[in-house]
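Work out the full structure, taking the sequences as your base and the hints as a guide.
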Amino acid sequence: MLYKWPIIGHELQLQKLESDLSSGNFSHSYLFVGPDKVGKFLVAKTLSGILQCSENYCRKCPVCIQIEKGVHLDTIEIRDDGESIKIEEIRDLISTLHMSAQGKYKIVLLDNIGRMTPEAANCFLKTLEEPPKNTLFLMTATNVHGLLPTIVSRSRVMKFPAISERKLASQIAAMQEALNIDSTPEMLNRACMLSLGRPGKAIELLRDTDVLSAYLRF
1 MLYKWPIIGH ELQLQKLESD LSSGNFSHSY LFVGPDKVGK FLVAKTLSGI LQCSENYCRK
61 CPVCIQIEKG VHLDTIEIRD DGESIKIEEI RDLISTLHMS AQGKYKIVLL DNIGRMTPEA
121 ANCFLKTLEE PPKNTLFLMT ATNVHGLLPT IVSRSRVMKF PAISERKLAS QIAAMQEALN
181 IDSTPEMLNR ACMLSLGRPG KAIELLRDTD VLSAYLRF
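Residue 116 in my numbering sits at position 116 of the sequence shown, with consecutive numbering throughout.
All clues given are correct.
Lysine-lysine pairs mimicking DSSO-like chemistry, simulated, CA-CA at most 27 Å apart:
1) Lys69 <-> Lys201
2) Lys201 <-> Lys4
3) Lys86 <-> Lys133
4) Lys201 <-> Lys45
Derived by calculation from the structure, the hints in this document are not laboratory data.
Structural data, given as structure tokens:
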């Protein structure tokens with residue numbers, strides 16, 4: 001790998017993104033599709049850091065720290081809060097995108113775009129088709145069904161499948177200290193089994209020891 005991705009699994013997808021970056025074939029719009037908590041948004045956020053940081057996401061400079069905290073002015077996050085994305089939110093986003101960028105790009109991280117109302121999706125499509133200069137969209141969805149077909153067709157779609165239980169357990173075990181996890185092999189294996197191949201879910205279970213212990217009793 002050319003870059004340090006803090007990602008569990010998805011090596012083929014990361015290699016494809018690196019190839020797009022190095023070849024100059026990078027799309028202005030990516031749509032990462034896969035199960036909830038499989039790592040799609042973390043890939044998008046890491047990719048935004050690689051693009052914005054002069055040291056390819058060093059995770060130490062002010063730019064990287066701001067991106068980590070979700071407060072970087074040119075990296076706009078719309079996280080999945082369980083609510084619909086309404087047209088007013090898209091209009092606010094579009095206004096922000098027309099402001100001058102302080103860095104290389106304006107990057108929009110849109111989590112679970114299936115939450116867009118039809119009005120919001122149609123409003124967003126106009127900007128996706130004719131984006132302001134140096135504007136990139138990194139979006140996620142659990143599937144493409146129900147999405148506006150023209151949004152899908154205007155984006156480079158990448159699938160992020162669930163990871164095998166064995167691979168998931170092995171990679172989490174190697175990253176326990178970095179992930180701030182202290183688990184027994186039994187807890188790790190059970191969390192990976194219950195996660196159904198989703199790294200984010202496995203980590204969530206390992207950090208909530210009360211919930212995981214309850215599962216272990218059955």
